[in-house]
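Numbered per mature numbering (1 follows the signal peptide of the UniProt record, and there is no 0), the sequence shown spans residues -22 to -1, 1 to 309.
Keep in mind that the hints were calculated from the coordinates and are not lab data.
Do not rely on the hints blindly, as some may be mistaken.
[To be verified] The following label-pair restraints were derived from C-beta to C-beta distances:
no. : residue 1 : residue 2 : range
1   : Pro259    : Asn97     : 22 to 30 Å
2   : Gly254    : Ala93     : 19 to 27 Å
3   : Pro195    : Gly60     : 25 to 33 Å
4   : Ala228    : Leu98     : 17 to 25 Å
5   : Thr99     : His126    : 17 to 25 Å
6   : Val283    : Gly214    : 42 to 50 Å
7   : Ala215    : Val283    : 38 to 46 Å
8   : Trp298    : Glu268    : 18 to 26 Å
9   : Gly254    : Ser301    : 15 to 23 Å
10  : Ser29     : Gly214    : 39 to 47 Å
11  : Glu255    : Gly212    : 29 to 37 Å
12  : Thr267    : Val219    : 14 to 22 Å
13  : Ala215    : Trp298    : 36 to 44 Å
Treat the numbers as computed from the prediction; the structure is a model and nothing was measured.
Note that CB positions come from ideal geometry on N, CA and C, so glycine has one too.
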Amino acid sequence: MALPVVSLLLLLGLAGAPSGRAVRPGGAVQRISNIDEVPEQLTALGANVTSLPVVFWHGMGDSCCSPYGIGAVAKYLQSRLGVFVYSIATGSSEFTDVLSSYWGDVNDQVASACAQLRNLTQLSGGYNAVGLSQGGQFLRAVAERCQHTGPRMHTLITLGAQHQGVMNAPGCMSLPLNNSHGTCHLMQKLLGAGAYLPYVRDHVVQAQYFKDPLRLPQYLSANPFLPDINNERGPGARNPVYADNLASLARLVLFRFSEDITVVPRDSAWFSFFDGERLVPLQEQPLYTEDWIGLKRLDQAGRLVFEEAPGQHMQFSLDWFGSNVVDRYLR
C-alpha cells in the first residue's frame, strides 16, 4: 500500500526533498554545521573503541545520515569518543528514509531495526542508544521487544520523545507550504481527518503514536503501536517481557525541551499524560504504579533520569550535546 501514497505525493508535488539533505520539519535536528558528507546509507563510523558503541534513530523529516541533521551529530560523536556509531535507516535511500519517517508501519520499522542491530558484530558487547524525537519511543520499542535476543542496550537516551503520544499533530503549521515541507503538511491533514481510521493509522507514522485523551477507547483498540509498547491494553494483553527488558537497562535518560511547542503535551517526553482535564505525572499513572513496562523498577533503582534541555524542540548545538549528553551519559 506504500506505492499509492508515494504516487499521491508525487502527483501533488509534495515529495521532492532537496538533493543532498533531508527535509527537516519540527521533529528533526536543526542545521548545526556545514560538515563534510557522511555515507548516504546506514552510517558505520569507527575508530579506537574506549566507550560502548552508539546507535541513533532520527526524528521526523530527517534521514539516517543527513550531514545537516543526525549525520552531523553522529559524526561529531564518533570524533569525540572514537566509538563505532550506527544510524538506523528505514529506507533504502535518503529520500525513502525521510519519507518513511512519515509513511509506513512503525511495528515493521522496529522489527527491521532489531534485525539490523543483530547483524552488527560491533554491538556484540552491547551498545548505548540515542533517540531523537520520535526515534526515542522507537528505540524504546527496540529495547522492550528485542533486548532479550540481543544485542544488549545499556543506556537509552531520548530527546524530546513522545513516550505518551501526542494529542495534536506534530508541528508543521509554521513551515511554508512548498515542496520541502509538503509531506509534513499532508501528514497533518491526514491526522486531522481521523488518526484512527484504518488507512491513516496503518500508514501515517505519527498516527501510530497519536493519543486523543477524549477518544481513549478508540486509541486503545485502533492504534497499532503505542498502546502495545506502553502495555496499556489490559492485564490479559500485557507482555511481561517488555517490562523485564526495559527494566534491564543500565539507565533510561529522558530529556524534555523546556519551550517545546511541537510535542503536545511536551511532558510526554517524561511519560506524563493529559487525561482531558490535567497533566498527569508518570508517578501517578498505573503505567508506573503497576509497573507495566518496568519504569518503576528503573526509578527505584536510581536508573530513571529526568532532564530538561533549554529551548524549542530539537534545537540544540553540538556543544550542548557534547556537554549534556556525551560527557554525562555516553562515556
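Query - Which numbered hints fail - result: 1, 2, 3, 6, 7, 8, 9 and 11
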